[in-house]
Every structure is written in C-alpha cells, then in structure tokens.
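Asker: I would like the entire structure built from these sequences, with the hints used as guidance.
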Amino acid sequence: MPSLVSGPVITTINLIALSVISALGLTVLTGLTGQVSLGQGAFMAVGAYTSMLFMNHLNFSFWLALPLGILAAGLAGMVFGLPSLRIKGFYLAMATLAAQFIIPWSIINIRPDLTGGTSSIQIAPAKFFGLTLTTQAHIYYVIMFFTLVVIYLTRNLARSKIGRAFVAIRDNDLAAEIMGVEIYRYKLLSFFICSLYAGLAGCMFALWVGAVSVDFFTLRESIWYLGMIIVGGLGSVPGTVFGVVFIRVLELVVQWLGPLFAAVFPEYIAGAIKNGASHMIFGLAILVFLIFEPLGLAHRWEIFKHFYRRWPFSY
Amino acid sequence: MLFLQFLTTGILTGGIYALIAVSIVLVYKSTRIFNFAVGELMVLGGLICYSFVVWAELPLWLALLGALTMAVIVGFLVERLVFRPLLGQPILTIIMATLALSSILLGLILMVWTGYTLTFPSGMLPGRTILLGPVVISHELLWAFVITMVALIILGYFFLKTRTGLRMRAISEDHELSMSCGVNITVIFAVTWIIAVILGSLSGLLLGNRLGITASATPLIALKAFPAVIFGGLESIVGAVLGGLAVGVIEALVGGFIDPRIGEISAYILLLLVLVFKPEGLLGEKRKDLSRSCGDPAEHSMTAIKRTSPLSGRPLSGP
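Quick mapping for you: the protein sequence lines, in order, are chains V and A.
So for the first sequence, this note's numbering puts the first residue at 174; every next one is plus one.
So for the second sequence, this note's numbering puts the first residue at 66; every next one is plus one.
What the hints contain is simulated information worked out from the structure, not anything from laboratory work.
C-beta: ideal position from N, C-alpha, C; glycine also.
Among these hints, one or two may not hold up.
Within a straight-line C-alpha distance of at most 25 Å, the following computed SDA-like cross-link-like pairs (lysine to any residue) qualify [claimed, not checked]:
id: 1; chain 1: V; residue 1: K447; chain 2: A; residue 2: A282
id: 2; chain 1: A; residue 1: K94; chain 2: V; residue 2: D346
id: 3; chain 1: V; residue 1: K447; chain 2: V; residue 2: A458
id: 4; chain 1: V; residue 1: K447; chain 2: V; residue 2: F434
id: 5; chain 1: V; residue 1: K447; chain 2: A; residue 2: Y181
id: 6; chain 1: A; residue 1: K94; chain 2: A; residue 2: Y222
id: 7; chain 1: A; residue 1: K343; chain 2: V; residue 2: L347
Pulled from the structure, derived: some chain A residues nowhere near chain V, Cβ distances all over 10 Å [unchecked claim]:
id: 8; residue: L207
id: 9; residue: T279
id: 10; residue: V294
id: 11; residue: E329
Answerer: Printed below as a string of structure tokens:
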C-alpha cells in the first residue's frame with residue numbers, strides 16, 4: 174500500500190486506522206453493552222501520556238511502554254466506569270464527561286514538569302529490529318497491524334460468552350441479571366476493554382504525530398468518536414469501520430470544499446465564509462445523512478449484501 | 066467577609082448556569098433528547114442581541130425584544146428542519162443530530178460574526194456597582210440575576226397555569242397516554258424547542274454582556290450546566306435552578322479559597338460525587354423511573370409516534 178500512494182494519503186489512512194481502533198472500543202462499550210461514553214479522547218490521552226512518561230523519563234523502548242500505556246488507560250476507564258453500577262444512559266454519559274475534563278486538567282496541572290503542561294512533548298521514534306520507524310509509511314505497517322488485530326478480536330469478542338453477556342446487558346439488564354449475568358463485573362469489563370482500545374489508539378496517535386499534547390484529545394474528538402459509531406451503525410464492526418472512514422474523509426472533503434465555496438463570494442466576506450463553511454457543510458452532511466439513513470451505514474451494508482447474494486433473482 | 070463576597074458572586078453567576086440548565090432539562094423532559102447544541106444556540110442568541118445593539122444601534126429593550134423574537138424563529142426552524150424528520154428514530158441518532166446542529170450553527174456563527182471575541186459596549190445596562198457593606202455587587206451580574214429570575218418565574222407560571230403548560234407536563238409524563246387524551250404532540254415539541262432556545266438565547270446575551278462572546282470558547286461554558294442538571298436531577302426544573310446556583314457557588318468558593326485552577330473543575334468533581342452517591346440528584350425521580358426514562362441506546366424514543374404519525378394516523382414510512 175505505501176508503495177502505491179503518496180505521503181499525505183498514507184498520513185490520512187494512518188489517522189483513519191488508529192481512529193478505527195478507538196471507535197471499536199466504543200463499539201464494544203456502546204454498541205454491545207449499551208453504555209454511553211463521552212470520555213474516549215481522555216482515555217486515549219491517558220494511554221499516550223503514560224507511554225510518553227515511560228519513554229522519556231525512564232528510557233523504556235516504545236514496545237515496552239506501549240502495553241503499560243494501554244493498561245493505564247484501561248484502569249482509568251475502569252475507575253470512571255465505577256458509577257455504572259448505579260446509573261446508566263445520560264447519567265453515565267455525564268460521568269464520562271467528567272473524565273474528559275478531569276483527566277486533561279490533571280495532565281496540565283498536577284506535574285507540568287513531567288507532562289509538559291499545555292505544550293506538546295516530543296517522543297523518540299520507535300525502533301523495530303534496528304529499523305527506526307520515522308516515515309508515515311513505516312508507521313503505516315505498525316498501525317495497520319494493530320488495527321487488524323483489534324478488528325479480529327472485536328469480531329470474535331461479539332460471538333464469545335463475554336460478548337453475549339454484553340448484549341444481554343444492553344437489551345435488558347434486569348433480565349440479564351436474572352439469567353445469571355454478573356452485570357457489574359461485565360459492565361466494568363466492558364469499560365476496561367473500551368479503554369484498552371482507547372489506550373492503544375492513544376499510543377498509536379503519539380507514534381503517528383511523534384509527540385503528545387492535550388490538544389489532540391479534546392471533548393470534540395470524544396464526541397465525534399461516538400458520532401462515528403452512530404453513523405456507522407451501533408454494534409457492528411464493519412459499520413464502525415465505515416463510520417470512521419465516512420467522518421474522517423468528510424472532514425477532509427469539507428476542508429477542501431470550504432475555500433472553494435468561499436471563492437464564489439466577493440473578497441471582503443470570503444475570509445469569514447471560509448472559516449464557517451467547512452463546519453457548516455460538515456454538520457449539514459451529517460444531518461442529511463441521519464435523516465435519510467438513521468440506522469447507519471451498517472444497515473445499508475446489510476441491504477447491499479442481501480441484494481448481492483441473491484443478485485439476478487432478487488425475489 | 067471574603068466568604069460573603071464569593072457567595073454572592075457565586076449565586077449571581079449561578080443564575081446564568083440555571084437558565085442553561087433549565088433549557089436542557091425542558092427539552093429532555095418532554096422529548097427525551099439531550100441537547101448538545103445548547104452552547105451554540107446560546108452563543109447565537111447572544112450574538113443576535115449584540116448585532117441589534119451594536120450594528121443596528123437599537124435601544125436595549127428593543128434589542129432584547131428583537132433577540133427574543135429571533136430566538137422564537139430559530140427554535141421553530143430547529144424543530145421543523147432538524148428534529149421533526151427524525152421523530153421516532155433511535156434516541157442516539159437524535160443526539161447525533163444535535164451534534165450536527167451544533168456544527169452547523171458554529172459554521173453560521175463563524176460566517177456571520179467571525180471568530181473574534183465580541184464584547185458588548187460597557188455601560189449598556191443602567192446602574193452602578195453596588196456596595197453592600199463589605200460586599201461588592203456588580204450591577205451587570207445583578208441585572209443578569211434579576212432577568213434570570215423573572216424568566217424562570219414566567220416559565221413557572223406558564224407551566225402551572227396555562228393549557229399549553231399543562232400539555233407539556235402531560236407529555237413529559239407519558240407520550241402515548243397524552244396523545245390518547247388529545248394532545249397534539251408535535252405542536253408541543255415545537256413549543257418546547259422554542260422555549261428552550263429562548264432560555265438559551267437569554268443566557269447567551271447575559272453571559273456575553275459580562276464576559277464577551279467568542280465563537281469557539283463560549284459554548285464550553287454551557288457544559289458547566291451539565292453538572293448543574295445532574296446535581297439538581299434530570300427530571301426536575303426546580304432542581305435545575307438549584308443545581309445551577311449550587312454550581313455557581315461551589316465554583317466561586319473553591320476557586321476563591323483553595324485554588325482557581327481547581328475551581329475550574331470543581332463542578333465536575335461534584336458531578337462525579339453526586340453520580341456515585343446520589344445519582345438521582347437533589348429532586349430527581351428515584352431509580353425505578355430513572356432507568357425507564359434514561360433507557361438504553363437501543364430504545365426507541367417516542368414509541369407512540371413510531372407506529373403512527375400523529376397528524377394523519379397512517380404509519381410512518383420506516384427505514
């Protein structure tokens with residue numbers, strides 16, 4: 174793949190691939206278990222910053238710091254998932270929203286000498302058997318490897334005992350409890366898995382940029398991860414991938430369309446139009462999409478598969 | 066004495082949070098939608114008022130009236146163009162639509178008013194800073210607080226004494242049941258959105274008058290209303306008011322006495338504690354109803370409407 178396309182395209186593909194990892198975490202949590210999280214970005218930040226701390230201050234290699242970062246994110250997710258025993262729905266969304274404020278605040282304020290406060294901190298590029306992974310093409314293979322592993326794991330998870338317990342909790346937690354599913358344990362497990370993925374995605378993000386900064390992991394990002402899985406179709410792995418690709422590509426397209434749209438207008442208002450147009454087109458595209466395809470891309474994908482399977486004889 | 070000063074400032078600021086919180090609760094109660102676009106709606110309202118005052122140079126009362134009229138129009142358009150086509154869809158899809166709406170409004174705001182901080186002319190509100198013993202009360206904050214309280218009292222009167230208010234209370238109890246009693250649910254939803262946008266606009270212009278409005282930063286202030294909503298209880302309007310005041314007071318006290326940086330997130334720490342120890346909030350309903358009304362993402366909102374269109378009685382074309 175990197176031999177076929179040029180630099181910027183690979184950069185975009187890398188971003189999409191690592192977003193898929195994070196979004197799949199939310200697919201497990203929201204799609205399968207039915208718990209809403211607005212803190213995905215914050216848990217990514219925990220992963221990225223933990224591995225940064227181990228690499229920069231304790232001289233760990235990237236491959237050693239990676240599992241530690243993932244684990245730290247998983248534990249952070251579990252802590253903020255603790256209220257899920259008593260609350261659900263929007264209340265839980267609010268608890269994770271608190272994570273989205275408290276975690277970046279801690280990164281900025283508690284030990285700014287270690288974490289760099291608001292400014293970004295460089296990390297050393299990872300090495301792989303003597304080869305230093307510096308270019309986007311190198312990183313592509315790393316990110317793609319992890320993305321495929323995560324896709325494979327998630328698909329299998331949905332079919333396993335754990336996955337069925339998750340779905341039971343989503344559909345009716347009371348009935349699930351009566352049938353012997355330990356709700357609290359599985360909810361926490363779901364938060365843990367979701368945040369593990371987020372931690373992995375955060376580390377990949379750090380590798381992708383070559384630095385960490387709290388500005389990468391904003392509330393807006395977290396909310397749009399939720400947006401990606403809704404656009405894709407809840408609880409579906411291919412849907413998640415479609416959703417991430419849809420939103421990320423749409424973001425690029427509107428950045429390209431905005432100035433083009435602004436060029437139509439006279440000089441003195443073009444600047445303002447250019448600022449606003451991309452946001453506006455982005456929102457409009459999502460809205461139109463939701464109105465015409467409220468069940469997400471996965472639904473359309475199923476319809477397409479059925480059509481294709483039966484093709485010449487569609488009755 | 067410092068304590069009294071922080072307490073007063075906190076209560077007066079909390080009034081604005083309370084307005085935003087009531088706007089969120091109102092929409093949530095009657096439509097079960099959690100409105101993420103509230104920050105942008107707030108900014109839009111503030112900026113419209115700014116345009117009337119600064120660009121059109123209207124007197125204040127006319128500008129206020131104009132801004133409220135515009136809020137009615139915006140609320141109507143939002144309901145008609147965004148939420149009515151999505152009636153009966155899964156609740157997460159509708160929440161997604163509020164996100165899309167926030168992006169559209171942000172684009173609109175950036176286009177018309179650019180991204181720079183706009184400040185209202187000082188001395189727009191009559192009066193001077195009041196010295197009450199050792200406590201300093203800014204007259205702008207006092208005006209904001211008075212306007213907030215008047216708005217909330219009018220809202221309370223509307224809810225308790227008018228027929229439309231009665232209908233709104235009815236659909237917040239049960240959509241299906243109120244429809245069978247002859248409540249036109251789409252009209253009530255439209256009214257709900259219009260009132261919510263009016264409250265949001267009002268808080269936007271009060272906040273803008275005090276701090277100035279920046280398209281990128283001001284919507285984040287609306288997020289302070291979320292802890293207020295949870296603290297007061299998602300189902301209760303009085304709770305939302307108390308929650309807003311409490312968040313304002315706690316922020317001012319913690320920020321003033323302990324550390325201004327902790328003040329920033331004190332509201333969220335409070336939120337976490339409330340969620341762990343008393344999840345239904347001060348005045349919210351208990352767990353039994355809570356689980357029903359919060360629901361899971363797979364649950365369809367407005368089940369009644371899903372089956373038949375309230376206007377014609379024929380089934381809505383589903384996907």
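Asker: Does each hint fit the structure? Answer for all of them.
Answerer: Cross-check of the supplied hints:
The straight-line distance between the Cα atoms of K447 of chain V and A282 of chain A is roughly 19 Å, inside the 25 Å bound, and the hint therefore holds. Taken as a hint, the K94 of chain A and D346 of chain V pair is honoured in the structure, with Cα atoms around 23 Å apart against an allowance of 25 Å. For the hint pairing K447 of chain V with A458 of chain V, the CA-to-CA distance comes to about 17 Å; that is within 25 Å, so the pair holds. A hinted pair counts as satisfied when its Cα atoms are at most 25 Å apart, and K447 of chain V with F434 of chain V qualifies at roughly 7 Å.
Straight-line distance between C-alpha atoms of K447 of chain V and Y181 of chain A comes to about 14 Å, which keeps the hinted pair within the 25 Å bound. Of the supplied pair hints, the one linking K94 of chain A and Y222 of chain A holds, its CA atoms being roughly 17 Å apart against a limit of 25 Å. A distance of roughly 21 Å separates the Cα atoms of K343 of chain A and L347 of chain V; the hinted pair therefore holds under the 25 Å criterion. Every CB of chain V lies more than 10 Å from the CB of L207 of chain A, the least distance being 29 Å, so the non-interface label holds.
Annotated as non-interface, T279 of chain A keeps its C-beta farther than 10 Å from every C-beta of chain V; the closest such distance is 13 Å. For V294 of chain A, the non-interface assignment is contradicted: its Cβ lies about 8 Å from the closest Cβ of chain V, within the 10 Å cut-off. A beta-carbon of chain V is positioned within 10 Å of the beta-carbon of E329 of chain A; the least distance is around 7 Å.
Checked against the numbered hints above, the structure violates hints 10, 11; every other hint is satisfied.
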